[in-house]
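Protein chains in written order, with UniProt numbering: chain E, 1 to 98; chain H, 1 to 98.
No lab work stands behind these hints, which were simulated from the structure alone.
From the three backbone atoms N, C-alpha and C, an ideal C-beta is built for every residue, glycine too.
Honestly, I wouldn't trust all of these hints.
Said to hold, decoys possible - Subject to a maximum C-alpha distance of 30 Å in a straight line, what follows is the list of computed BS3-like cross-link-like pairs (lysine-lysine):
1) Lys58/H - Lys76/E
2) Lys58/E - Lys48/E
3) Lys76/E - Lys90/E
4) Lys48/H - Lys59/E
5) Lys76/H - Lys59/E
As the list claims (entries may be wrong) - Residues of chain H placed beyond 12 Å of chain E at every Cβ, according to the derived structure:
6) Asp66
7) Asp67
8) Glu70
9) Asp80
Unchecked claim - Here are the computed distance ranges between Cβ atoms for each label pair:
10) Asp44/H - Gly39/E: 21 to 27 Å
11) Lys76/H - Asp66/E: 31 to 37 Å
12) Lys59/H - Phe71/E: 28 to 34 Å
The primary structure of each chain is shown beneath.
Protein chains: 2
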Amino acid sequence: MSLINLISEAIFGKDKKEKTARESAKERLHLVLVNDRAGQIAPDFMPKMRQELLEVLKKYLPIADDDDVEFNFARKENTDIMEMSVSLEKTDEKKNIE
Amino acid sequence: MSLINLISEAIFGKDKKEKTARESAKERLHLVLVNDRAGQIAPDFMPKMRQELLEVLKKYLPIADDDDVEFNFARKENTDIMEMSVSLEKTDEKKNIE
């Protein structure tokens, strides 16, 4: 099963625990990086990389407040999983991009 | 359960189907965007946004060949899940970043 199907099933699965993940996915944009070789991103570059990724997302998505960025990091079996989530503006119309 | 724990459990879970996802996570960097408001990224901007995200990743990670980019997209219950994966160079030493 591909990663995207796994994640999609994880978020939209049936049992209780997935429901909480779906609630947490609400109103926020989540960017997840799964890097198979742990430790490759030098810790001091992580904040810079995160900020640059955020700058790209801000161009295309109605990010409400880029100070409201949550960041999670997990390392398991030589794989780094970095998650960044930002709040989305309440308005529904698409951001007009110059 | 937070999204990162769910994804981490999904990749490193026990049963058979997760194993194939772990295999597919191997040797590749995966970037997953979970956007709670489907359709917010105008389709014509998706390729541009993807390319710009890739440019950021290339600065910090030993991406082998940025033509070897796999892209998956799923839409479920008003949520868009976009996955981009790129192959990582075989070398282990960290990329020296100017």
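Each hint, compared with the structure:
| no. | hint | result |
| --- | --- | --- |
| 1 | Lys58/H - Lys76/E | holds, 23 Å |
| 2 | Lys58/E - Lys48/E | holds, 15 Å |
| 3 | Lys76/E - Lys90/E | violated, 35 Å |
| 4 | Lys48/H - Lys59/E | holds, 10 Å |
| 5 | Lys76/H - Lys59/E | holds, 24 Å |
| 6 | Asp66 | holds, 15 Å |
| 7 | Asp67 | holds, 19 Å |
| 8 | Glu70 | violated, 9 Å |
| 9 | Asp80 | violated, 10 Å |
| 10 | Asp44/H - Gly39/E: 21 to 27 Å | violated, 38 Å |
| 11 | Lys76/H - Asp66/E: 31 to 37 Å | violated, 27 Å |
| 12 | Lys59/H - Phe71/E: 28 to 34 Å | violated, 19 Å |
Taken one by one, the earlier hints fail for this structure at numbers 3, 8, 9, 10, 11 and 12, listed in ascending order.
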